[in-house]
Amino acid sequence: MKLYEFQGKRLFAKYLIPIPKGKIFYSKDDAFKMIDQDIFPIVAKAQVLVGGRGKAGGVKLIKQVSEIESALENLFGMDIKGYKVEKVLIEEGLNIEQEFYLSFMLNRNSEKITMITSSQGGTEIEILAEENPEAILKLDIDPLIGLKNHHFVKFFEKTKIKDRNLKNQFRYIIKKMYQMVIELSLNLVEINPLAIIKGNRVIALDSKIVVDDNGIPFLSDFDSFINYDDLTSEELDAKKAGLSYVQLNGNIGCIVNGAGLAMTTMDMIKYFGGEPANFLDVGGSSNPDKVINALKILKRDKNVKVILFNIFGGITRCDDIANGIKIAMEKLEISIPIVIRLTGTNEKEGVKILNSLNLDIATSMQEAVKKAVSMIGD
Amino acid sequence: MKLYEFQGKRLFAKYLIPIPKGKIFYSKDDAFKMIDQDIFPIVAKAQVLVGGRGKAGGVKLIKQVSEIESALENLFGMDIKGYKVEKVLIEEGLNIEQEFYLSFMLNRNSEKITMITSSQGGTEIEILAEENPEAILKLDIDPLIGLKNHHFVKFFEKTKIKDRNLKNQFRYIIKKMYQMVIELSLNLVEINPLAIIKGNRVIALDSKIVVDDNGIPFLSDFDSFINYDDLTSEELDAKKAGLSYVQLNGNIGCIVNGAGLAMTTMDMIKYFGGEPANFLDVGGSSNPDKVINALKILKRDKNVKVILFNIFGGITRCDDIANGIKIAMEKLEISIPIVIRLTGTNEKEGVKILNSLNLDIATSMQEAVKKAVSMIGD
Amino acid sequence: MSILLNKDTNVIIQGITGRDGGFHTKMMIEYGTKVIAGVTPGKGGIEVAGKPVFNSVSDLKKEFSVDATTIFVPPKFAADAIWEAIDEEIKLIVVITEGIPALEMLKIKNYIKGKNITIIGPNCPGLISPGEAKMGILPGNICKKGNIGVISRSGTLTYEVVYGLTTAGIGQTTVVGIGGDPIIGSRFLKLLKMFNADEETEGIVLIGEIGGNDEIIAADYIKENVKKPVIAFIAGKTAPKGKRMGHAGAIISGKNETAQAKIEYLEKAGIKVANLPQDIPGFF
Amino acid sequence: MSILLNKDTNVIIQGITGRDGGFHTKMMIEYGTKVIAGVTPGKGGIEVAGKPVFNSVSDLKKEFSVDATTIFVPPKFAADAIWEAIDEEIKLIVVITEGIPALEMLKIKNYIKGKNITIIGPNCPGLISPGEAKMGILPGNICKKGNIGVISRSGTLTYEVVYGLTTAGIGQTTVVGIGGDPIIGSRFLKLLKMFNADEETEGIVLIGEIGGNDEIIAADYIKENVKKPVIAFIAGKTAPKGKRMGHAGAIISGKNETAQAKIEYLEKAGIKVANLPQDIPGFF
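Residue numbers (my numbering), protein chains in the order written: chain A, 1 to 378; chain B, 379 to 756; chain C, 757 to 1040; chain D, 1041 to 1324.
No lab work stands behind these hints, which were simulated from the structure alone. Hints are not guaranteed to be accurate.
Partial selection, computed: residues in chain A whose CB lies under 10 angstroms from chain C [unchecked claim]:
| hint | residue |
| --- | --- |
| 1 | Pro143 |
| 2 | Phe218 |
| 3 | Met266 |
As the structure is a prediction and not an experimental result, all values here were calculated from the model. No residue lacks a Cβ here, since even glycine has one placed at the ideal position from N, Cα and C.
Sequences are here, hints too, so could you generate the full structure?
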């Protein structure tokens, strides 16, 4: 789960990592009302769960009161890579002397916690990695060992920080970020830029945090940070119903058991000339409710012209799936055509139930996909 | 470093491990003055850094005000295995329903942190281990892994604790004790007995804590717990001077560089019929001050009839040692005879210095020891 | 010969009294697996599927010798169950549970480095050596004893592929579902080495997907070391960037993690990549 | 052949700019040790004893290949220096520093289990392969190349014994001071195995003391596996119970940890135990 900048900064504050003074606003009027006259310059930052906000014009430096209205007008409702701006963080403007990049990520490739540092902060790290890989320091930290003195030595060597007071501030922030990764099950914590400002203070000017979804149930008092603003309402409902669902732009709705098989079903639709409308994994359980909820969600997507079931029964029993379809057909009044491929555990019983519904049953995955694609062509 | 019971309990309180209400007293009068009338029964416990206090009569249950004076009279100044009682801890008396033994130790043999449990608390664990080893559960915990669910499962299986509320209390205390080992560099933390009292409360009735001497410099705000009450004043002064010194009952004082060689010197004295007065290791440095301080300390022990130097110069330079002896002879007016064995780095220069002092120089360790022993015979 | 598991392997079940644990214990026994006992803390003394249940693995080990464990414990206690199995020196640990935090697996992975312990999963269907034994939830009836080793990051997609092989008359030495999480006990490389060393295995099927770089590492190894035919399949060609596709590990975080990039890399290494699952049997 | 160290071993010094580090670097070089460089954080760029100093081991490794490191870093940073050496995969780590908390060493010991890393110390004089090279503070002039392996928990007592051997014309393959702390990188057992496997080593001297059970484990191993003559010496026969005798590890915590108990156990295992250090050469 991605956190908004302002949510990440709240966590920073909890861990005593310095952040600028600021406040989050949910409407232009609120912001306008509450801004003090004598705090300029201020920075207004659109809150969206996607990178590249700066380039898209989502960050405004406001130097005097006369500029506020147009800046906020501009920000609220702005569209950044498909995300509508509904929240704006307003912060004090600061005199930046130097910018750094600092992040910790759970690295699935090296199977370590990787600390990434650069003295060229402000730029996206992927861009920096391509343009100037020499400017980046990557350190793999074994979670059984943790941060040790030599990691700090290398950090200070790379960043050329020599001042004792600055060193102490950086050392503190580095330790706290690592502690956050461990205590909050983070996949990523990034500060870019981490800045030295006037008065030799080190401060986090931005935050990017990704929490491990599997870790969230183990975190206490974390509810205030949970948000699914990057999900469509269909995706959110699917999540609540225990389904894995990702909306796409095609017109063939898919209901599959298992993530790999679901991706392969999408790929095969494309391969035979169709366009999948979604990824949907009903998982390993045989609960008919899951099938009903899945159909409900697909029904809401007006692009969906045909629904394709691809079920390979293992733990999942085919008769349970068939019963789910039967109940849904009766309750939901589904008028979209349905193609079904059903094989594995209790296949015979399942097919018998479906036959009574006059549904189109394919004997193989390929046959089912081809049928679904051909029905779109009509 | 061993902590007193009352000091260990202060640490327990810091870690929120429940302890009885109580107060430490340094004199009978103070205790008598401050005890409230309506708090009986109370328990008065002699504070000494040695086991077996109960059997020695160092713990008194006081049921009413009339018993206080004689009990305190009895405790203060009592001698327990050579330790004079100068502190008494007075605590509320509690209704004990069941007693357990629980400890964590840094186990040099298994190279793990070992948790030791028994449902037969109150007895010394060494005695229990001999009389009823079946009653003891030992779990080796890898410090890289820490406490896991199966450790608790085994604890509850052994102690037959089934009540949910009690389980939560024990689980909490177990976690906190382990945390203390890690955070405070403990060699041992023991609660015996850890008791269930009336009202289903779990509480630490005693404490035994040994801190790793090497860990102490790394602990912040630990100064209030540092005590060297188990050292003689000579041992304390030696410690301050950076010398390893242990007082014994013999009459041949030893000054040696290196712990193994020092022990071997003592052993050899005994082997040839003498009695060592002490263990004293001046360590690897060549600072003449160390020799002077060592001589000062030995001079205070009235049993010492001869002083034996055994120096094998490696890092230690023989001429530095000889110079130290020379300065000490001049300053301290030492009248006790001195036997010296001096070999290794800069041996020649050292011997030259000593020759000028008319000191007895032996060519080997054996010769030196024999000489020292023979001088006692006189 | 199969890898990791055969009919003589002494298998235990951690979480045997749970709904899934109990059901699949029965299925494993029916298939011929030598399940000797199970563990559920607090439930020691009862029986499940005719097998005794113990409070802890160490209690169980006082009475039985153990080669392998299958973990069906719910997410909250699953990592602790793995640590217990490691502590008791069980050499093969198969973790079916989905939902273990990646950080916990990261610690476990670093801890077992250099130790003679194999972890399969978590979030995996387990493994099966057809005609011998199975651990986990893979359906036995779709498999057939034979000479192809199958390694897969997926569950039902593996069934699809194995069923296709079996239907085409191509049997398997062992089928291993390595799991859909970002940090898993055994990656492609480890199992490739085992299949490569196994004399009875004459060919290998490798079923990958988007996310991570395991397929890339596998390709490098195969190119240099594997003489047996290897057929790959990569799921997720139509998956969008940055979206988690069901599996916690199935997410494209960089351009090298797309299905296309992986397919290209595998093909460059001389490995055949099937377009559709049903094409796989035709390659052998 | 010597064990662990010879004249071709590429040795570095962590803490080279300190007083002890600098002095003993010179001594090591004079003795013939192939010291290639040193490390002190923040002092990178200068030279000590003609050798370049780096800020970190990884910086050093960019320019040199490293086989072994000698750690003279003060207690506050010594454990971190060991972790750094482990992280950089140095195979032999000799720690001279006294004062590292036992808990830190416990973590390190558990971490390197199963990894191909040997730690000697901490709180030790180091090791010397006479005529070849030395790491640490053992004086070279009292040693002589030969066929006896020496393992000791002590410092100057080792000098005493080695000097006795040399004076009697008995040379040494390698002399190893394993350190006086309760938790040390390599216990008797590990080095016994090395000396036992070394063809040139024809006899072994083992110098133990009160505290712990290392001598007991060693006795069991020797009884079953070592055909070469082993002569033991145990210091601390007159040490009182519960008092720390200089070394952090030299403390009697149980009746099996006294010198008498250890001597008895060794003798029962058929190992000769010398009464006095000067008796040792006579046994060969």
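Against the structure, the hints come out as follows:
The interface hint given for A:Pro143 holds, since its Cβ lies 5 angstroms from the closest Cβ of chain C, which is under the 10 angstroms cut-off. A least Cβ separation of about 6 angstroms between A:Phe218 and chain C falls short of the 10 angstroms threshold, and the interface hint therefore holds. Annotation: interface hint on A:Met266 holds; nearest CB of chain C at approximately 4 angstroms, less than 10 angstroms.
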